[in-house]
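A.B. asks: For reference, the chains in residue letters:
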Amino acid sequence: MIFSSLRVTADEFSSTSGWDAKPEGICRGELCVPAPGALTDGMVDVEVVADRLGMPIVHDADHGVWSLGPATVTGRTLSSAVARFPASLIDVMGRGFDFASLRGRRVIMIAWASW
Amino acid sequence: MTVALDIKPEHARPWIDAASPTHPSLIDTTHCTNELFGFINVPMAVWIDENGVIVRPAEQASIERSPARDMQIPDGVPDRLKRMMTEVKAIPDDSAAYRAALLDWVRKGSVSPYAMTPDEVVGVSRAISNDNALASACFAMGEHLHRTVGHDAAIPYWRRAHALDPDNWTYKRQAWTLVTTPEGATENDLMQGPNDVYEGNWLDDVLAAGGGGNYYVRANLDRPK
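Protein chains in written order, with the numbering used here: chain L, 1 to 115; chain H, 1 to 225.
Treat the hints with care, as some may be off.
To be verified - Covered by chain H, per the in silico footprint, the following chain L stretches (three or more residues, Cβ under 8 Å):
id: 1; region: 53 to 64
id: 2; region: 75 to 82
id: 3; region: 91 to 104
id: 4; region: 108 to 114
Just so you know, the hints here were simulated from the structure itself, not pulled from any lab data. C-beta: ideal position from N, C-alpha, C; glycine also.
All chains, please: the whole structure from these sequences, using the hints.
C.D. replies: Structural data, given as structure tokens:
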């Protein structure tokens, strides 16, 4: 997750990380982690969230970007069994995919690579 | 659906074009499915039910036995290649059982004994340590800089990612192939041998991890209901 600032809108943080900043905490599905100070006037303090969720931050000062790692707070790669489909996946034409079209169907998602 | 973990879409495209797939065939240019689903090697897969709930976590997903497992290693092949082929042959083959389990789930859905509950799926998904998460952040930074600045800017981050999470083969093989494939080659170098940029390479890293027998996250399909 790449950010150009450590203060981002709640919408940007949600779409990038999959975690929603709410008054009660940082939430994904039924899991909510209290995070006082994380959400102020609709803006998320990424460092506060990272501390609460156990997300490492890597900073590249030369290029002015931060990379936020995944949450370690649950100790597992999956914090929920609800699939979170990334909007960044593209087809060979560079187009996005409407994952909602898969609802109602059983899906096997197979990872492969050209290498 | 298939997802190619290739930071350069043009590397995946010939394979997809050749297959003429009728299923969604997507490309993950940032390897974000790594942290979202746990894909740390290929092929791996997750099963997702009609409601968008994962019913099997990321695990090895071969559905047919690779001919490489049964090949005879010819006399006279270079020693390094011989050692690679030996390790490939040692990779466990669970393809028949996995294919049977998959077809069972396709037929029966949630009552299939191979479909897990949400708690089971979360509980058996890959454990994530601070080093694993930091490796993910480093790989993502490297990918971002590779795309926006160039490969040289990515190298220190990818080297760190490799050191922090040596069990993640997608981080390593993606980076290795970029430096071991000759410029202008139509296909990626799959040997991924020693190079001057990254510390590891396929054979030595496989051996360091205990050999081909430890190469994949094997599916545990022994769970009768």
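A.B. asks: Could you check the structure against the hints above and give me the numbers of any it violates, in ascending order?
C.D. replies: none
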